[in-house]
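Chains A and V: place on chain R using the hints.
The residues making up each chain are set out below.
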Amino acid sequence: MTSAALPVWMVTSYLAGALAACLFPRGRLARWLTATGAVIGGASALALAGAELMRSSLGGGQEAFHIVDPLSAVFLAVVGAIAIPAALYGVGYTRAWEGRRSLRMPGAMLNLFLLSMSLVTLADGIFWFVFFWEGMAISSYLLVMTEADEPGTVRAGNWYLGMTQFGLGFILAAFFLLLPPDGSGDFTALAMHAQTLSPGLRSLVFILALIGFGSKAGLVPLHVWLPSAHPAAPSHVSALMSGVMIKLGVYGVLLFGLRLLGGGPAWWGGLVLVLGAVSALLGVLYALMEHDLKRLLAYHSIENIGIIFIGVGAGMMFLGYGLPALAVLGFVGGLYHTINHACFKGLLFLGAGSVLHATGTRNMEEMGGLIKRMPRTSLFFLVGAAAISALPPLNGFVSEWVVFQALLGGSAIPQREVAVLMPIAVAMLALASGLAAACFVKAFGITFLGIARSHEAREAHEAPVTMQVAMGALALGCVALGAVASAMVPALGRVVAGLAGMPPAPATAVGWSLGLRLSAPGAVGQISSLGILLGLVLLLAAIPVALWLFRASRALRVSDTWGCGRIAQTPRMQYTATAFAEPLRRIFAALYRPTEDVSIDFHPESRYFVQSIAYHARIVPWFERYLYDPVIDRVTAWAGGVRAIQSGSLHAYLTYLVAALVILLGLLLLWGG
Amino acid sequence: MPSPAGYAVAIAQAALALLLAPGLVGLIRLFKARLQNRRGAPVWQPYLELRKLFAKEVVVSTNASWLFRAAPFVVFTSTVAVAFLVPVLAVPSPFDAVGDLLVVVYLLLLGTFFLALAGLDPGSAFGGMGSSREMTVAALSEPTVALAIFALALGAGSTNLGQIVARTMADPASAVSPGYLLAFGALFVVTLAENGRLPVDNPATHLELTMIHEAMILEYSGRYLALIEWAAWLKVLLFFSLLGNLFVPWGVATALTPASLGWAFATLIAKLAVLGVVLAVFETRVAKLRLFRVPELLAVSFVLAVLAITVSFLVR
Amino acid sequence: MDSAFGQLAVLGSSLVLMCGLTLLWRRGSSAHIAAFAAQSVALAATAALIAVFTGSRELWLVAVAFLGLKGVLMPILLSRMDRRLGGPRELEPYVNTATSLVIGGLLVVLAYIVTRPVLEVSRLPTRSGMPLAMGLIFVSLFVIISRKKALTQVIGFLALENGIALLAMLGTYGIPFIVEMGVFLDALMGFLVMQIVIYRIQETFESIDVEQLNRLSQ
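Protein chains in written order, with our numbering: chain R, 1 to 673; chain A, 1 to 316; chain V, 1 to 218.
I should point out that these hints are in silico values taken from the structure, not numbers from a laboratory. Please read all numbers here as calculations on a predicted model, not as lab measurements. Note that the Cβ used here is the ideal one computed from N, Cα and C, for glycine as well. Don't take each hint at face value.
Covered stretches of chain R (in silico footprint by chain A; criterion: 3 or more residues with CB under 8 Å from a CB of chain A, positions within the stretch not fixed) [unchecked claim]: (1) 248 to 259; (2) 378 to 390; (3) 442 to 454; (4) 458 to 468; (5) 551 to 559.
DMTMM-like, lysine to aspartate or glutamate: derived pairs with alpha carbons at most 25 Å apart [what the hints assert, rightly or not]: (6) R:Lys372 to A:Glu208; (7) A:Lys52 to A:Glu214; (8) A:Lys288 to A:Glu214; (9) A:Lys56 to A:Glu214; (10) V:Lys148 to V:Glu161; (11) A:Lys271 to A:Glu208; (12) R:Lys372 to R:Asp292; (13) A:Lys52 to A:Asp171; (14) A:Lys56 to R:Asp560; (15) A:Lys288 to R:Asp629; (16) A:Lys52 to R:Asp560; (17) R:Lys372 to R:Glu459.
Extracted from the complex, chain R is given alone in its bound form:
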C-alpha cells in the first residue's frame, strides 16, 4: 500500500474498532474485534511514521499525506508502537470484566483515544490540534472512569478532568497570542507571525505553553493528577497514558519551543532544565515511599518526564547560547528517552496489570513469591525494572548516557554563573537514577521475590497468553532499542536537524560493534551498547565453561533459609516494602516529614505479651496540602458565594434574563450610536 493510503487505513481501523465495541458489548468476539481495530490502526500509524522518517533520512519519495515534519512522525511512531501491545494485552485483561462490565465504553473509548492521539501529532493547524487534544482528554477521562465503582476512581477522574481543562486554557491562550491578524490557524502561518512578535510576548507565549503542556506531561508542580489518575485506569490504558499520552506534553513544548517560536533566549531552556531536574528528583523520592505498585510507577513517570525535560532544557539553553551542535545532543537525548520510556514504562504497567489481574490487589505488602507462580511475567517485569534503573546495556541507560554527554558539554557556555546549572543537573540526575534503582529493587523484590505474604499471592496464576505476548514484545523492544543506539542517535539527530537552524547530530556509527561516537565540542564520547550486550552475554556464557574446566563442584542441596537457629520461617519475618524504604525515609525526613503511629494491643493478663501491633506511617504531601488545597478551598468558597444567585425561584431566573437583555440593549445603544 502506498503511504498515502496509510492514514486512511489508520483512521478507518480505529473507527471500526470503536464501532465493533459499540455493537458487541460483550463476548470474546467483541474483545478481539476491538483489539484488532486498535492493532491495525497502530500498525498503520507506525508504518506511516516509519515511512516519513525513512524519507527524511534517506531523501526521495513523496511526502506522506498530512505529516508535517519528522518530529510529528517520531511521536506518531510512539503512539502506534505502544498501541499494538496495549491493545493485545487488553484482550486478555478485559476477560476479567465478563459479566460485570460492558465492553462498549472502554473498547470504543480505547480506539477513539488512540485515534485522537495519532491525529494530534498529525494536526497542522490550531483547530484540529485543539479538537483532537480535547478528544484525547475526554476519551481518556472516560477510560479512567471505567472502574468507577472502585474507591477513589471518581476523585481521580475529577482531578484529571480539572487539570486537563486547566492546561487547555493555557494552551489556547498561547495559541491565540500567536494568531496572525488574518486569522489563519495554520502552523506555518503561526511560525511566521511569531517572528514578528516582541521578545516579551514570545516569552509569554512560551511560558503559557510550558504551563499548559507541562501539566499534561506531569511536570512538578502540575503533577498531582498523575499518581491518582494513572493507577485508577485499567492497566493497558495506564500503559498508554503513562507511556504515550504524557509524551504529547513533551511534543507540545517542542512544538512551541522549536517549530512555532523557532528557539528563544537561553533562560527558557534554563527554566525547563530546572523544572525537569526538580521533577526527576521529587518524582523518584515520592515513588520510594509508595507501596501501591501502580502509584509507584506513576511517580516514576514524573521522574522520567523530568529526565526528558532535562535533555530538552539543555538543548534549548545551548540553542540560546549559539551552540547548535550541543543543542542537537540535548534534544536527541530527550527524544530518545521519550521513546525508551514509552517502551519500558508500558512494559512495567502491563506487568503491574498482570499482577493485579492475578492477585486482585495493587498493594505490594500483600504480594511476594510471585516469581515462582508467574515466571514469565516476572522475567518481563525484571527487564523493565532493569531498563528504568538505567542498567547497561538496556535502552534506559543509553538515553541517559546521551543526556549526560549533553550536560557535559555545558562547559562550553560562556557565562559561568549559568553554566554551573549543568553540574548541578548532573548531580540531580545521577541521584535520581540511583534512587530509581533502589526503588525498583524494592518494587521487584517485594512483589515477586521471597515468600507470599497473603492468600491471594499464594494462589496467583500466570497471565493469559495475549498479555504475555504483549509484555514479551515490549521487553524485546527494550533490549533492541538499547542495542541499536548507534543508528537511533543519528536518526533522531536528522529529525531535529533543520528545526530552529540546527545541524545534523554530531554522531556517527563506528567500528565492528557499531559503536556510537559523539563529537561535539566539549562532549566527545564513545560507547557501543551492542558491544556491551555481546560482551556481557559472552562472559556470562564463559563462566560455566570455566567452572567446568576447573572441575568446580556441582553439588547442590536445598534447605531452609538461615534463621539464626530458628526452625520455622513465616512470611511475616521478611522485609516489607515500608521497611525497605525506611533508611531513605529517615535520610530525607526533611522532605517527607514522616509521622508514625504505633498502637499495641497487649494481652489482657500481662503487658509482657503482645496480641497485635498496628503501624501507620504517613508522609506530608507538600504540593497537595500547601499548593492545591488552599486554591481549591478558595475556589469552592467563591463558588459557594456565587451559588446564592441560584435561589430556585422561577421569578428570580426570569428577572435575571430580563435584566441581562436590558443591559445588553443599553450597551449596544451606547456603542452603536
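Frame of chain R, contents of chains A and V only:
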C-alpha cells in the same frame, strides 16, 4: 584500528586483574592484622579460600528462585566486564570504544542491583536488611561519582578513560591541581562506600545487624559464594586501578612493547600496594559509622566533588 | 593560576576551607576545637608560603603570630572553656548534618560567582584562592546561624576571622602589620567578651543552648 596485539593485551590485563585481586585483599588483611598486633594469615590465604569454596557443596534456600542462582554469575560477569574497560596496564585499550567511565559506574550498579535482589529472594530478614542498606548507600554515592567523573572529563574533554589518562600524562601539573586532588578525595570516600570497607561497612564482622554487604550474601555458599567474593575483591582492585591510573597515570604503558608493559606491571603492583597499605592504616584508625551517619560521610564526599567542580570549572 | 605559587596557594586555601567545612560535619566540641586549630595552622602555613614567594618579612611575623596565638593559645582557652562549661556533647543543630554540608558546598559555589569580578581584575598569582576564602566566610556565617551551642558559634566567629585574614592575604599579600594586629586584637576582645557572656548564660540557665535565651522575653 586496534591491532590483535592490543586485544591480546586487553584480555591479558583483565585476566591479570582477576588473578591479582585475591592477593590484594590478602595484603590488606595481612597489614591490618600486623597493625592490630596479630600475626595474620599469609597473603595467599584468599586464593586458598576460593579453592575451598569452589570445591564445596552449594546450599540453596527452599524459597529461592532462579534469580538467586543466576545473580552470582551476573555480578561476576559485570565486574569482569569492567575489568576490560578500566585502564590497568595499557592505554588506549581497544575496548575504550565500547565503554567509558559512565559505563563502568553503571555496570557496577548492575552487579549491585542483582545482588540486592538476590538478598531479598530467600525471604530472610537479614537479606532484606542488607539489600535495603546497600541500595541506600549505592544511591547516595551516585551524585558524588557523577560529579567526580564530570570534573575529570572537564579537563580531558571526554568521559573516555583513555583520553583522561592521556590528558593527565600530557599535562603533569594538572595532577596536583586542587580540582584533581579534591576529586581524588571524593572518589576515595566512594571507594570505601562502594566496596563495603570501614567506616561504612566492616568486611570482617560477624554481627548480622552491623552488616551491609555481608548480610545480602548471607545465604550464599560454595561456588556461588566464591564467585561473589571474587567479584567483590576484583571490584576493590578495579577501584584502586582507577584511583591510581587516572590520578597518577605515570607507568601506564602507551606503547605495546614488552619493556613498557613490564614497567606498567611493576608500577601497577607498586600503586596497588601503596593504596592497600593506606586503606589498611585507615581502616585500623577509624571506627565503623552508624548507618545514619553514613549519609553524612557521603555528603562530605559530595561536597568535595562539588568543590572539585567549582575549582576546575568556574576558574577558567 | 598555573604557576607553582598559585597552585600551592590554592592548595593551602583549600585546606583552610575544608577545616571550616569540618565544623559543619563533626558534632563534638573537641572536634570543633581541633578543626579550628588545624585551620589556624594551615592559615599560618599559607601565610608563610606567601612570605617565601614574596620575600615579605611582615608576613613571616604574621605567620608566627597566627601559629602561636590562633594555633596554640586560643584552642587551649577554648578547651578550658569547654571543660568548665560541660553540658551535652552534641546538640542537634537547626539544619541536619548532610543538608548543612550540601548547603556549605552551594555557598562555596555562590562565593565563586560573587568573586568572579574580582578574579577578572586581579593580576596576582594567588587570586584563584580568593573564592575559597570567600567561601569560608560564608560557611562560617552559616555555622554561626545554624548551630545551637554557644561555644560552636564562638568557634564559627573565629573561623570567620580566619577567612577574612586569608582573603586579605590572598588578595593583597597581606594588609599592613599594624592593621592586621588591630583586627586580631579586636577579635580577641570580642572573644573574651563572649567568654564572659557564655559563663553568665551558663550560670543563669544551667546550659549553653542559645534557644534558652528565648526565655528572657517571658
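Each hint, compared with the structure:
Requiring three or more residues with a Cβ within less than 8 Å of a Cβ of chain A, the coverage given for the segment 248 to 259 of chain R is violated, as only 0 such residues are present. As drawn, the segment 378 to 390 of chain R meets chain A at 4 residues by the rule of a beta-carbon pair under 8 Å; at three or more, the given contact holds. Coverage of the segment 442 to 454 of chain R by chain A holds in this model, with 7 residues showing a Cβ closer than 8 Å to a Cβ of that chain against a need of three. Counting residues of the segment 458 to 468 of chain R whose CB lies closer than 8 Å to any CB of chain A gives 0, so the stated coverage by that chain is violated, three being the minimum.
Coverage of a stretch by a chain is defined here by at least three residues with a beta carbon nearer than 8 Å to that chain's beta carbons; for the segment 551 to 559 of chain R and chain A the count is 7, and the condition holds. Taken as a hint, the Lys372 (chain R) and Glu208 (chain A) pair is broken in the structure, with Cα atoms around 28 Å apart against an allowance of 25 Å. For the suggested pair Lys52 (chain A) and Glu214 (chain A), the alpha carbons sit about 19 Å apart, so the restraint of at most 25 Å is met. Using a Cα cut-off of 25 Å, the hinted pair Lys288 (chain A) and Glu214 (chain A) holds, with the two alpha carbons roughly 15 Å apart.
Between the alpha carbons of Lys56 (chain A) and Glu214 (chain A) the distance comes to roughly 19 Å, so the proposed pair stays at or under 25 Å and holds. Taking the CA atoms of Lys148 (chain V) and Glu161 (chain V), the gap is about 20 Å. The hint holds against a cut of 25 Å. For the given pair, Lys271 (chain A) sits about 33 Å from Glu208 (chain A) by alpha-carbon distance, which is inconsistent with the 25 Å threshold. As the CA atoms of Lys372 (chain R) and Asp292 (chain R) are separated by approximately 21 Å, the hinted pair is consistent with the 25 Å bound.
Pair hint Lys52 (chain A) plus Asp171 (chain A) does not hold up; C-alpha atoms about 47 Å apart against a cutoff of 25 Å. Note on Lys56 (chain A) and Asp560 (chain R): the hinted pairing holds, with a Cα-Cα distance of about 18 Å set against a maximum of 25 Å. The suggested pairing of Lys288 (chain A) with Asp629 (chain R) is violated, with an alpha-carbon distance near 46 Å, which exceeds 25 Å. Distance restraint check for Lys52 (chain A) and Asp560 (chain R): the Cα-Cα separation of roughly 23 Å lies within the 25 Å cut-off, and the hinted pair is therefore satisfied.
Taken as a hint, the Lys372 (chain R) and Glu459 (chain R) pair is honoured in the structure, with Cα atoms around 11 Å apart against an allowance of 25 Å.
Hint violations for this structure: numbers 1, 4, 6, 11, 13, 15, all remaining hints satisfied.
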